[in-house]
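**Student:** So the sequence lines, in the order shown, correspond to chains A and B.
For what it's worth, UniProt numbering labels the leading residue of the first sequence as 1, then goes sequentially.
For what it's worth, UniProt numbering labels the leading residue of the second sequence as 1, then goes sequentially.
The reader is advised that the hints may include incorrect statements.
Claimed, not checked - Partial list, derived from the structure: chain A residues whose beta carbon lies under 7 Å from chain B:
hint	residue
1	50
2	53
3	54
4	55
5	179
6	216
7	280
Keep in mind the hints are simulated off the structure, nothing from the lab.
Ideal Cβ positions, reconstructed from N, Cα and C, are used throughout, including at glycine.
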Amino acid sequence: MTVVGVVGAGVMGIGVAHNLAQSGYETVLVDIDEQILTDAKAAISRNCRLSRLMGGPALDPDEILGRITTAVGVEALAKADFVIENVTENWDIKREVHAELDRVLSPEAVVIVNTSAIPITRVAAVGSHPERVVGVHFMNPVPAKPVVELIPGFHTAQETVEVTRQLLSGMGKKAVDVKDASGFVSNRVLMLTVNEAAYLVHEGVATAESVDEVFRGCFGHPMGPLETADLIGVDTILYSVEVLYEHYADSKYRPCPLLKQMTDAGLHGRKTGRGFYTYDNKG
Amino acid sequence: MSEYTTAQTQILSFIEARFPQASIETGQDIFSLGYINSLFAMELVMFIEKTFGLTIPNDELRIDNFRTVEAMADLVARRSVPVSVD
Ligand SMILES: NC(=O)c1ccc[n+]([C@@H]2O[C@H](COP(=O)([O-])OP(=O)(O)OC[C@H]3O[C@@H](n4cnc5c(N)ncnc54)[C@H](O)[C@@H]3O)[C@@H](O)[C@H]2O)c1
Chain A
1 MTVVGVVGAG VMGIGVAHNL AQSGYETVLV DIDEQILTDA KAAISRNCRL
51 SRLMGGPALD PDEILGRITT AVGVEALAKA DFVIENVTEN WDIKREVHAE
101 LDRVLSPEAV VIVNTSAIPI TRVAAVGSHP ERVVGVHFMN PVPAKPVVEL
151 IPGFHTAQET VEVTRQLLSG MGKKAVDVKD ASGFVSNRVL MLTVNEAAYL
201 VHEGVATAES VDEVFRGCFG HPMGPLETAD LIGVDTILYS VEVLYEHYAD
251 SKYRPCPLLK QMTDAGLHGR KTGRGFYTYD NKG
Chain B
1 MSEYTTAQTQ ILSFIEARFP QASIETGQDI FSLGYINSLF AMELVMFIEK
51 TFGLTIPNDE LRIDNFRTVE AMADLVARRS VPVSVD
């Protein structure tokens with residue numbers, strides 16, 4: 001039985017754990033405190049209940065949660081075959097978590113880094129087995145999105161890439177191969193778009209509603225960039241733009257001050273109930 | 001105003017609060033408007049359960065029950081009437 005550890009029970013960890021359990025994998029979900037894990041289980045239960053409404057299969061929340069155990073701290077992952085890391089998009093946090101994982105995991109375990117923009121090679125260099133570390137950029141909401149970016153780091157072994165592709169296929173995901181560069185393909189473009197859309201609101205050129213309406217109405221996008229920001233997390237957008245800015249040392253990635261202010265004010269989007277829009281529930 | 005019309009009004013104002021640009025009729029398929037997606041369906045479920053103090057059973061959590069304001073008000077009416085046992 002393949003055991004998969006999931007580190008970080010935020011927006012992405014919740015979706016990844018749900019997707020793994022739905023696909024029959026024994027899943028261990030880890031975060032830094034018990035309350036976060038309790039909230040994560042409640043969110044997974046609610047998402048299972050609403051699965052059919054969202055275009056997915058009918059799911060029994062108890063059956064899905066039955067395959068997920070939770071734990072505070074990565075020690076619980078000693079027996080994991082794979083670990084999917086989804087902690088905050090912040091280099092210091094990622095570095096510390098990968099150093100801990102390196103101490104705890106079996107040397108055969110594959111470490112999958114889920115990040116918006118941090119280069120995989122940089123994360124892989126933290127531990128002693130860079131050949132077992134690979135990047136997968138999952139899309140949000142994870143169970144509803146069938147395609148991911150698969151990113152080998154400089155030292156990633158071909159075998160690591162192939163077993164990861166198999167795991168992804170078991171999760172119902174098709175992997176698009178992408179080379180390691182900050183932001184990969186998706187966020188190199190998307191983060192700039194969202195950042196520029198935030199500038200439009202910041203400068204008073206248009207309201208968030210109007211910006212999104214232009215993208216939906218004129219371009220036929222299913223969602224505008226600012227609704228997308230609320231779905232991703234306004235804080236995560238800011239951190240990702242900061243990573244790009246730092247990495248490329250290119251002023252075209254300068255983060256919009258509005259994103260900073262919203263992050264400071266706790267307007268993180270759907271997950272906190274308010275971002276560019278206000279939500280009735282946390283979701 | 002009947003409870004049914006009140007439910008319709010409450011649901012309509014919830015949708016219009018989120019989509020101020022919309023002018024929605026109670027019989028209109030909101031998902032065909034182009035800017036309301038299934039993520040909003042999830043919010044509608046939460047809103048309806050909280051506002052009308054009910055739990056929608058799993059077999060009623062179908063997109064067809066949330067397509068129109070009328071369908072949602074019907075759902076609320078169905079769930080609010082005590083089931084007669086005989
Ligand atoms: N949100 C998205 O749409 C999206 C999409 C693709 C990739 N990502 C990437 O996935 C990662 C997670 O993003 P998110 O949106 O879930 O963020 P989030 O802020 O919702 O969640 C991060 C979680 O990590 C936990 N965490 C922090 N330090 C930890 C530690 N030392 N050990 C264990 N857990 C720890 C936090 O408590 C929190 O629950 C980021 O790198 C982000 O860039 C996000």
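**Student:** Next item in the hint list is residue 280(A). Is there a CB on chain B closer than 7 Å to its CB?
**Tutor:** Since chain B brings a Cβ to about 5 Å from residue 280(A), closer than 7 Å, the hint holds.
**Student:** Quick one, is the residue 55(A) hint okay against chain B at 7 Å, beta carbons?
**Tutor:** Cβ of residue 55(A) sits 6 Å from chain B, so the hint holds.
**Student:** Can we keep the residue 179(A) interface hint, with Cβ of chain B closer than 7 Å?
**Tutor:** violated, 32 Å
**Student:** Could you check if residue 216(A) really has its C-beta closer than 7 Å to a C-beta on chain B?
**Tutor:** The hint holds - residue 216(A) has a Cβ within 7 Å of chain B, the shortest such distance being about 5 Å.
**Student:** Given residue 50(A) was flagged as interface, is its beta-carbon under 7 Å from a beta-carbon of chain B?
**Tutor:** Result: holds, 5 Å to nearest chain B Cβ.
**Student:** Using 7 Å as the Cβ threshold, decide whether residue 54(A) counts as touching chain B.
**Tutor:** holds, 5 Å
**Student:** Hint residue 53(A) vs chain B: min CB-CB distance below 7 Å?
**Tutor:** Holds. Min distance 5 Å.
In this structure, the one hint that does not hold is number 5.
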